[in-house]
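In order, the protein sequences belong to chains G and V.
Note that our numbering numbers the first sequence so that position 330 is 352, with each residue one more than the last.
Note that our numbering numbers the second sequence so that position 202 is 224, with each residue one more than the last.
Derived by calculation from the structure, the hints in this document are not laboratory data.
There could be a bad hint or two in this list.
Copies of the same chain look alike in the list, so a pair counts if it fits in one copy or across any two.
Capping the alpha-carbon separation at 25 Å, the derived lysine-lysine pairs in DSS-like fashion look like this [claimed, not checked]:
no.: 1; residue 1: 348; residue 2: 104
no.: 2; residue 1: 91; residue 2: 330
no.: 3; residue 1: 48; residue 2: 335
no.: 4; residue 1: 104; residue 2: 236
no.: 5; residue 1: 335; residue 2: 104
no.: 6; residue 1: 326; residue 2: 104
no.: 7; residue 1: 104; residue 2: 221
no.: 8; residue 1: 91; residue 2: 342
no.: 9; residue 1: 236; residue 2: 169
no.: 10; residue 1: 236; residue 2: 24
no.: 11; residue 1: 330; residue 2: 224
no.: 12; residue 1: 48; residue 2: 326
no.: 13; residue 1: 104; residue 2: 357
no.: 14; residue 1: 179; residue 2: 357
The chain contents come next:
There are 2 protein chains.
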Amino acid sequence: MKIKKPKYFSSFSLLEKELAKQNYSKIFVLVDSNTRQHCFSKLLSFSKNIIIIEIKPTDEHKNLISCEKIWQTLSAENADRKSVLINIGGGMICDLGGFAASVYKRGIDFMHVPTTSMAMCDAAIGGKTAVNFANAKNIIGTFHQPKQIFICNDFLKSLPKRELISGLAEVMKHALLNNDKKILNQLNEIAVDDLDWKKLVKSSVEYKMKVIEKDFFEQNIRKLLNVGHTFGHAVEAALMHDEKKKLLHGEAVAMGFRFEILLAIIVFDLKLDEANFVLELLDKYFPIIKFSSTEKKKIIALLKADKKNQNGKINFSLFKKIGNAKIDCFVSEEKIEQLLKAF
Amino acid sequence: MKIKKPKYFSSFSLLEKELAKQNYSKIFVLVDSNTRQHCFSKLLSFSKNIIIIEIKPTDEHKNLISCEKIWQTLSAENADRKSVLINIGGGMICDLGGFAASVYKRGIDFMHVPTTSMAMCDAAIGGKTAVNFANAKNIIGTFHQPKQIFICNDFLKSLPKRELISGLAEVMKHALLNNDKKILNQLNEIAVDDLDWKKLVKSSVEYKMKVIEKDFFEQNIRKLLNVGHTFGHAVEAALMHDEKKKLLHGEAVAMGFRFEILLAIIVFDLKLDEANFVLELLDKYFPIIKFSSTEKKKIIALLKADKKNQNGKINFSLFKKIGNAKIDCFVSEEKIEQLLKAF
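Generate the whole structure from the sequences, applying the supplied hints.
Below is the structure:
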């Protein structure tokens, strides 16, 4: 499947010119209160003659209630099939807006303007749309390509550091899968504040695009991209409603890597020096989270509801070694429970 | 696009054997209270080891609330990507179940067992899924092929006559578009109780399949199938909450034909003898509905929200003559209002 490449912009002014060019019957823009204030407001000349839909920020609002708000506005404003929805925000806005647009009137065009490192390196790329439902992450969604993706590194300048770092979990994932020595060395050796984000984003996007083109509907090799994510998603959902422990997606994925690296040692004899390399990389950027026994129970329940499972077994993608992961590794609930006890 | 042909069954026992063959991790069956009692109960040997999801009947429950009920059950029962949802019912069940399955975990397999003439001749065929939202018909949905369609004419035997007749609106539509003299003659000349439903269903399915294969995503000729439906959908939605005047889909479409035939006379000089042929055919099977001025206003508002509109103009597919219709006929709101006043 041919996938359209993102367009890169070195400044807000170039991006706003490009956005203003869109020739649709009506232009809708989805933002959350944060991205409205910090991102959308910077696209001055684009801000005219469009209809803004603002929803509440954070993953806990990536749900059907927010979808209904979007559909209500589209409907009230008579959005037609020649209308477009431009999603300006992080992964949550891209996932949510993508889903809402992909089923409104059986699909209108949508575009992504990712404003976080996480969205640029991962969420905005690949045409997976979704909302959370019944406590499970991304359980309702579609495979639907955005019409265009606009990446502008300028947005990263004002991003809080914690959020900026969060995106590194996906950069790391892509570099580990691709055994991209240059990126791994940069992540390993360079101080956090000196990272070359332009390069990190580009390498991530390019690797992910390559995988998506071969397997858009995730029948085989796209499943590689789930490394760290089976456990990571469960952690993210388990802590979602705890104001103090709530994690960013990348932080949850980092915990997912820690757990799944241990699992890979057991299942595949992943070499200890490689495992340690990954764990030390994670330590450089991400906090280690301790789970209470109640949280562990929640995580187990969520793993059991993971959308990739089959016949009651939990489905992981695991590293055999760096640059070589295996999809469809089905592990029994008991094994996971044992390992989690010790974790 | 290659579309899988429906399988036909001459009796319940053959159908239940076929259904029992399905080799999925879990089988879910969607019914409404009517089809559970009158249709599902006839598939005795199939009724074991499956999980039933029952929702309330009629189009007014083809909404997100019913979807959430389906997703909740799928989720609570740990439906995975190797699970299947079998929709046993009329067009409403097929549309709703198709949509719910097509976005659950980004799409699990679903199958249709249409139990009404309307569903066999139209709704179950073609992979359009949808629910109603904010008073508009089918506004949220997907294009997604069912894995299989099972047609068993036996279901029609116990169908209330009003419902049986309703399906003729779609049979008529397909025969008029295809200028299928045999079917048109049967509809015109044979007494209602003597109609050969096996032939009517088969001809309808075959014509629709032919169109769908050429244009699954409704970019061009599939729009032909919207004849009668722009006005018909608006009528259906306008009367949906009026217990006394509420129409079946086919009855609403029949009113749609009446209006759009008049429109075609104005727009395309559709010949009067052809227009009369269609109107008389409609008179044979369908009641004529008078609209109050409040209802007319509602219809106009709904037409303005039709998902096919562009740039504020209402989009019809209209007959130039029998066997030759034209898509994308954009008509202004004013013209529609004038005609509706006189209607």
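Hint-by-hint comparison with the structure:
For a Cα distance limit of 25 Å, the shortest separation of residue 348 from residue 104 across copies, 20 Å, qualifies, whereas the shortest one inside one copy, 42 Å, does not. Proximity of residue 91 and residue 330 under a CA criterion of 25 Å is satisfied inter-copy only: 21 Å between copies versus 29 Å inside one chain copy. For a Cα distance limit of 25 Å, the shortest separation of residue 48 from residue 335 across copies, 14 Å, qualifies, whereas the shortest one inside one copy, 46 Å, does not. Taking CA atoms no more than 25 Å apart as the test, residue 104 paired with residue 236 passes between copies only; the shortest distance there is 22 Å, against 29 Å inside one copy.
Taking the shortest Cα distances, residue 335 and residue 104 sit within 25 Å of each other only across copies (12 Å), while inside one copy they are farther apart (43 Å). Only between protomers do residue 326 and residue 104 lie at most 25 Å apart by alpha-carbon distance; the minimum there is 15 Å, versus 41 Å within a single protomer. In this assembly of identical chains, the alpha carbons of residue 104 and residue 221 never lie at most 25 Å apart, being 35 Å within a copy and 39 Å across copies at closest. Proximity of residue 91 to residue 342 under the C-alpha cut-off of 25 Å is found in neither arrangement, the shortest distances being 44 Å within a copy and 41 Å between copies.
When the C-alpha separation of residue 236 and residue 169 is checked against a cutoff of 25 Å, the pair qualifies both within a copy, at 19 Å, and between copies, at 23 Å. Proximity of residue 236 to residue 24 under the C-alpha cut-off of 25 Å is found in both arrangements, the shortest distances being 9 Å within a copy and 21 Å between copies. In this homomeric assembly, residue 330 and residue 224 never come within 25 Å of each other (Cα to Cα): the closest approach is 28 Å inside a single copy and 38 Å across copies. Taking the shortest Cα distances, residue 48 and residue 326 sit within 25 Å of each other only across copies (15 Å), while inside one copy they are farther apart (43 Å).
Taking the shortest Cα distances, residue 104 and residue 357 sit within 25 Å of each other only across copies (23 Å), while inside one copy they are farther apart (51 Å). Taking identical chains as interchangeable, the C-alpha atoms of residue 179 and residue 357 are never at most 25 Å apart, the minima being 43 Å within one chain and 54 Å between chains.
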